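Q: Each chain, written out:
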Amino acid sequence: EDVVKIGQIEALTGATATYGWMSAQGTKVAVEEINAKGGFKVGDRTYKLELQQVDTRGEPREATVQFRKMMEEKVHFVFGPFLTNVFNAIEPIANQNNGKFLLFAGATSAHAALGKPDHDYLLRTWNWDAGSAGFGKLMVDYLKKLNTRKVAMLFQNDAFGKTAVDIYSALLKDAGIELQVELFEPGTKDFSAVLAKLAAGKPDILFPGYSDAVLYDIVRQSTESGFGNRFFLVRGSIGPALKNKDAIEDYIAYVPKYFEGAEKTEPKVRAFIESYQKLFKREFPYDQAPLCSSSCYDHVYMLVEAMQKAGTVDDVAKIRAALMSMTYEGMWRIKYDKTGEAVFGFDVVHVRKGGAIERVPYDPTKE
Amino acid sequence: MSRLTWARSMLDVSNLSVSYGKQKVIREVSFKLEKGEVVTLIGPNAAGKSTTLRTLAGLKKSDRGTIHLAGKDITESSTVDRVRAGLVLVPEGRQIFTKLSVQENLIIGAYHRADRDHASADLERIFSMFPRLRERRDQKAGSMSGGEQQMLAIGRGLMSRPTLMLLDEPTLGLAPIIIEELGRIVRNLAHEGLTILLAEQNAMMALGCADRAYVLQSGRIVTSGNAKELSETTEVKQMYLSA
Amino acid sequence: MKHAILVGLLLALAVPAFIHSDSVLAIAVYGFMAASLAVSFNLIFGFTGQLSMFHAASFGVSAYVVTILVTTFGWNFWLAIVPALAIVVILSLIVGTICFRFKLKEFYFAVVTLAFSEVLRLITLNWNSITNGSLGITIVDTPKIWTPSGTFAIAGGVAWYYLTLALLVVVYGVCSRVLKSWIGRCLAAIRLNDQLGETLGIDVFKYKLLGFAIGSGLAGLVGAFYGFYAGFVEPHFLSISLGLDIIAMVLLGGVNSLIGPVVGALVLTALPHVIELSAELRIALYGSILIFVILVMPKGIVGLLTSRKHAA
Amino acid sequence: MLLDVKSLTKRFGGLTAVSNVAFGIERGEIIGIFGPNGSGKTTTLSLIAGILKPTSGVILWKGNDISTLSPFEVAQQGLVKTFQNPQLFPELTVVEHMRIACHLHIKRELGINRLRTLIGGMPVGLDRLLEQKIDQVLALCRLSSQRNEQAAALSYGGEKMLGVAMGMLCEPELLLLDEPASGLGHDEIANLDAVLRDLKSHGVTLCIIDHKVGFLGRLADRSIALHHGAVIASGKTSDVLADESVVAAYLGKKHA
Amino acid sequence: MTQLVIGQLLNGVIVGTLYGIIALGVTLTFGLTGVVNFALGAFMMLGAYATWYLYDVVGFPYPVAVIGAVVVVSIFGYVSDLALFRFTRGNLVNGLLVSIGMISVFEALVLAAFTTTPKDLTYVLPGALKVAGIVLPKIKVAVAAVFLAVILGTYLALTRTWLGRAAFAYAQNPEAAALMGIRTGRLQTIVVVYSTALAGLGGGLYASMYSIEPTIGSAYVLKAVEAAILAGVGSVLGALGGGIILGISENIGSVFFSSAFRDAYGLVFLILILLVRPGGLFGDRS
Ligand SMILES: Nc1ncnc2c1ncn2[C@@H]1O[C@H](COP(=O)(O)OP(=O)(O)OP(=O)(O)O)[C@@H](O)[C@H]1O
Ligand SMILES: Nc1ncnc2c1ncn2[C@@H]1O[C@H](COP(=O)(O)OP(=O)(O)OP(=O)(O)O)[C@@H](O)[C@H]1O
Ligand SMILES: CC(C)C[C@H](N)C(=O)O
Ligand SMILES: [Mg+2]
Ligand SMILES: [Mg+2]
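As you go down the protein sequences, you meet chains A, B, C, D and E in turn.
Note that the working numbering gives residue 63 to position 10 of the first sequence, counting from 1, and the numbers run on in steps of one.
Note that the working numbering gives residue 1323 to position 80 of the second sequence, counting from 1, and the numbers run on in steps of one.
Note that the working numbering gives residue 154 to position 143 of the third sequence, counting from 1, and the numbers run on in steps of one.
Note that the working numbering gives residue 1364 to position 223 of the fourth sequence, counting from 1, and the numbers run on in steps of one.
Note that the working numbering gives residue 237 to position 217 of the fifth sequence, counting from 1, and the numbers run on in steps of one.
None of these hints come from the bench; they were simulated from the model.
Owing to the predicted nature of the structure, the values given are computational and were not obtained by experimental measurement.
Note that the Cβ used here is the ideal one computed from N, Cα and C, for glycine as well.
Don't take every hint at face value.
To be verified - Here are the simulated DSS-like pairs of lysine-lysine, each with C-alpha atoms no more than 25 Å apart in a straight line:
(1) 406/A / 158/E
(2) 90/A / 255/A
(3) 158/E / 226/A
(4) 153/A / 198/A
(5) 1248/D / 1342/B
(6) 1383/B / 191/C
(7) 116/C / 1203/D
(8) 255/A / 153/A
(9) 94/A / 127/A
(10) 81/A / 296/A
(11) 388/A / 190/A
(12) 1274/D / 191/C
(13) 58/A / 101/A
(14) 362/A / 321/A
(15) 1248/D / 1471/B
(16) 190/A / 81/A
(17) 321/A / 101/A
(18) 1383/B / 1194/D
(19) 1342/B / 191/C
(20) 158/E / 298/A
(21) 1248/D / 191/C
As the list claims (entries may be wrong) - Distance windows between CB atoms, simulated:
(22) 85/A / 1321/B: 52 to 62 Å
(23) 158/C / 1265/B: 35 to 45 Å
(24) 1263/B / 1152/D: 28 to 38 Å
(25) 195/E / 1468/B: 25 to 35 Å
(26) 276/E / 292/C: 38 to 48 Å
(27) 91/E / 1344/B: 45 to 55 Å
(28) 169/E / 319/A: 50 to 60 Å
(29) 1471/B / 1359/D: 47 to 57 Å
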């Protein structure tokens, strides 16, 4: 029996693990499903997938060693990393292996590397914040429509935080919106002081950091102590909004898909959630999982489809070409643009006081 | 001796052997203490006096031999159990609680007593034995002078109302006048029924206040007998009494 | 023991001839650098008795200085090491002077050095214009060496393997010379009873500072190379967790010996890559091994192998 | 005058441990300090050795005030003090203690050239000389047989002797001994007596505290007696010990 | 502005009590067993998860859940003492390593059971107190009150009881303590378990204020060590004082300067204090 190796390189434990861990779960669901169905056919041969998931703990150095090992073991398809600092660390080693494999990276910084020489291996699976098709622009336009004059940004002081602040300060400036920025140390739980300070600047809306853990804390502390009750974010879930539904005024979030709703209307989403529950024997974590796990899930299927289209499992150039020319219809509709940046649909969800939800779907793949 | 012969000895040590690693330090030592007796263990440096006392207190494990306290076999008991059975060691080198005050040091001496909350009478008694301690009751014990600390260590031992008290070189660092006083104190305590084992370099003081004496040399008991008689023997006189 | 070390060194020299795996070489390279850090740390900790939490800072500051000089100002790598070490030594002299003048000891010393180290990390993290903040700096240059047959760029696993092995030998050698000299005796005196040492005429302050500065300087030396092998520097280089990792390596290997930290560092660097288990089991096993080893060998791996204690 | 102490006072909070003490030490003599417990003897020596800083007063060493120097600087000038409570380097063996105590010797001998030993190692001659000296001192102090034992394994008397031995290796001009004989047996005291006389004959000046009146009384040429921190008597040892106030405060009737 | 400052001052005090309760555990364990138990952060994390589980999943009333969590954590503490720390007593270095190892093991346990997805407890006591323009969330005030009560209670217990005397004595001289008839082994076990119980309580109450993740403990144990040192190891009220000083300096510092340097403000304070008093604010000057 033939196997195709898929590697995944993410933080599965440690302080920065949330996203990587959930990405890894989505990949796993897809791989298990495909193998359970007996694998997939390319030409006249049937292949199964072999998934290697390693835990970087969010440490770039570990990742470089693990990535080298994958290259030695001739893994042609590597998912991850999601973290900007880890991506930056493995990029030089990846460049040396250009042409030998494909990297499905999520890190924001990967955006800047797309299309550069030596980077034929690079595809970016999650374009949420950068580039023309990125979501940032749309969000800022939305703010503009709401007559926002001043935004307060409160981000974690890490590699991604800095990247995000850079991206959004430019976007907000173009839109003529004033910006106030504060950064916090990873691991911060009490935002009272910094929120009080931001509130003193009287912003219209708060744009808080990106992980659910900090969102829950920031939204609660901000509303409870009266520092502000309007939020705008490009990541994370609407969980914090629903939990504090009577205390918020507006909560505008980019959610790739509002899963609790989609579950009822989209059979593919329903199937994914069921599959997840069956495999891991636990509740589906609505909070952040949709963001990463569903995306990885789709990309595995997309990759398999591309291999079938290209008629090969190891000619990475051909497979890349197939990926670039196709549109995949999964939970999302996904395409790649010519640099290798993923283009796909997402939702803007606006939660109002009391919990009323308005959802604006947006699908750049149709343009 | 006026004690009834059938009474059990306060302390009965037989064939005690102790070693550090491979080095044998105490070899087959046996001796007895009757209730109310003051017995001294004298001997030159490194004879094993401290080691004997530490073994009796349970701080050091013996290789062989048995220790009976008032008829009870305590060879395997822990230090704490021995203390609770009334055996208290005033260790060499004082070992006071340096960061506690003088008074706190004394009070903790009463820790294991059932009536420990009512130990203030004893506190007074100690203070009248060593007036210097009363003067310095709130001073940190660690900042006391060497001799003052020695008084404190003895006082602390007494606070636990032992039935058997082991004193390891109590005269260490004490001024002559205090040593003299200590001799009186030891006699008085014995009079009140306390049994005392005194390990000493200062044979003059030790033999002066003890009923009986054992002479320890290289881990063996070489002579024993009535303290007064022993102090008359020329050998002991020469060896220990001329300092 | 001496023979065992020599044999180990000879084996180490031969390794690249047999093992061609890039990832194994990478583990070895990181292992050698970790070992160098651990050996230099143990000079301060195991031999002088000062639990410094400043080691990661020395390491990281030097890594940054070299990187900035090379990438931003175009300096030659080897030349850049000089000011980097100078800065690290000066910093450690400042921190050491403050701590030792005020007679900070044990955990007070540990926490104050940790405080200085954290402040330096936060400065590195937030001084965006120079350090590029949280993103760190990517390094593309490679150090070159001049040989009679032309310049030779240190790139690829094997070259780095030998370079970092040499680094370890140098760091080990310096520490060993220092410890065998009169300085080593003064350090031992300070560790065991500084008051007594002082009345014997030992300038406790000076020697504490000396030990601290030598150890920190060696950590700086490691830092200079580290970034260029890893290909980046980031504020995490100065983090507490690196400091704790170094401590764990030293303790695991054995505090009372020079070679102990080397063993501990190699083991702990390789361990995570050797355990191939699911993520949770992997960290559980890692933790259990730490605990187990120290309970079974309270004096560390090397401590168990050699019963004789370190001499003054 | 080798050492001249003038109006030395030390207060701890409200307590005056040393009060206006003045005395001098001539080169080559042995001076004894007597006094009841807590009379300020140890404090006085600690002040001289730089371990404590005086509240007021001056300490002239060969005419220079050393009252602000640190202990190691005082030691480097040739004034070394031993401890009343034995101080050791736990874990180290007896001979390793001795090697550490050679610090000043090596420093005097090599000075800045010590840096060379980092590469070339110790000059062989010096190394041999030191080892010889160590053996000699150990023999004198009757510690030879315990040369390679851990110091923690010594008996109390052994610990005290090790302190004296280390003090000797520092080659001081003035050795301050705090109760060297306490805890020593008769034999050992006799030996100590001989060792100290030998030191004296080699030109070392000694200042000794001890409660073993017999021992120190025989040894000291001159003595001072302290009480409540103040000098209550000084002069020839026998006179001091016969002084009424000394008898009353310190010696008690037995010695009278 | 004054409101902002006063508000953050108070918030600093509240956050500080949380540092203080862990610091108390650090100080007690260190004083009595000679080990800096970094795993106390992990015990705190366990306490938080146990509380969340008992309250949100099982459905116990909150106080019961917290008590349950404290019990669970104490059991873990007892077992850890029995199986591990008993062998590292008086050995700072090995104790440190064992506690570092335990952090990994606990993190793995929680990961396996509850994943990395953060948990956010259903609000126990929503709403805020508003006095003179200063807003303080009720839950924070309540939590701080509990911590204060526990720390003061511990202080009284240690200064007024024989157990406390024994503890102080033991901390200074284990052998002499044994000679006083103090059951030193038992005393140490009590202290280790009590410290973990404090951490468990800290975690249990923490869960009602903040979201929880498997790694929350590490930041707090560091702060706690800092607080304990700042105060002077061994001082009970000092642990509280140290925690509060850290809490205030972080909060006030973040208001006046960049919040990116939040951790530095407390540290700079700590350096300054230790330079003036090298044995800690409440410790002895040594
Ligand atoms: N911890 C130890 N390890 C090894 N040997 C030891 C230890 N303690 C004592 N010894 C040895 O045991 C012997 C007896 O020592 P001990 O302390 O009992 O003598 P001592 O009679 O009390 O002497 P002193 O009068 O000097 O106090 C000595 O030779 C000493 O070196
Ligand atoms: N650091 C200190 N703080 C407070 N009091 C102190 C301190 N050091 C010493 N003292 C007190 O000063 C007095 C003198 O002490 P010192 O140690 O000099 O006495 P000493 O003459 O050496 O006595 P001994 O013969 O008992 O050793 C004592 O009463 C002692 O309690
Ligand atoms: C957690 C994520 C939002 C991380 C982010 N994509 C990064 O580049 O680091
Ligand atoms: Mg003895
Ligand atoms: Mg004295």
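Q: Now look at each hint and say whether the structure bears it out.
A: Consistency of the hints with the structure:
no.: 1; hint: 406/A / 158/E; verdict: 22 Å, holds
no.: 2; hint: 90/A / 255/A; verdict: 57 Å, violated
no.: 3; hint: 158/E / 226/A; verdict: 39 Å, violated
no.: 4; hint: 153/A / 198/A; verdict: 47 Å, violated
no.: 5; hint: 1248/D / 1342/B; verdict: 37 Å, violated
no.: 6; hint: 1383/B / 191/C; verdict: 41 Å, violated
no.: 7; hint: 116/C / 1203/D; verdict: 35 Å, violated
no.: 8; hint: 255/A / 153/A; verdict: 53 Å, violated
no.: 9; hint: 94/A / 127/A; verdict: 21 Å, holds
no.: 10; hint: 81/A / 296/A; verdict: 30 Å, violated
no.: 11; hint: 388/A / 190/A; verdict: 19 Å, holds
no.: 12; hint: 1274/D / 191/C; verdict: 20 Å, holds
no.: 13; hint: 58/A / 101/A; verdict: 9 Å, holds
no.: 14; hint: 362/A / 321/A; verdict: 22 Å, holds
no.: 15; hint: 1248/D / 1471/B; verdict: 55 Å, violated
no.: 16; hint: 190/A / 81/A; verdict: 32 Å, violated
no.: 17; hint: 321/A / 101/A; verdict: 22 Å, holds
no.: 18; hint: 1383/B / 1194/D; verdict: 19 Å, holds
no.: 19; hint: 1342/B / 191/C; verdict: 38 Å, violated
no.: 20; hint: 158/E / 298/A; verdict: 19 Å, holds
no.: 21; hint: 1248/D / 191/C; verdict: 16 Å, holds
no.: 22; hint: 85/A / 1321/B: 52 to 62 Å; verdict: 59 Å, holds
no.: 23; hint: 158/C / 1265/B: 35 to 45 Å; verdict: 58 Å, violated
no.: 24; hint: 1263/B / 1152/D: 28 to 38 Å; verdict: 44 Å, violated
no.: 25; hint: 195/E / 1468/B: 25 to 35 Å; verdict: 33 Å, holds
no.: 26; hint: 276/E / 292/C: 38 to 48 Å; verdict: 47 Å, holds
no.: 27; hint: 91/E / 1344/B: 45 to 55 Å; verdict: 38 Å, violated
no.: 28; hint: 169/E / 319/A: 50 to 60 Å; verdict: 53 Å, holds
no.: 29; hint: 1471/B / 1359/D: 47 to 57 Å; verdict: 27 Å, violated
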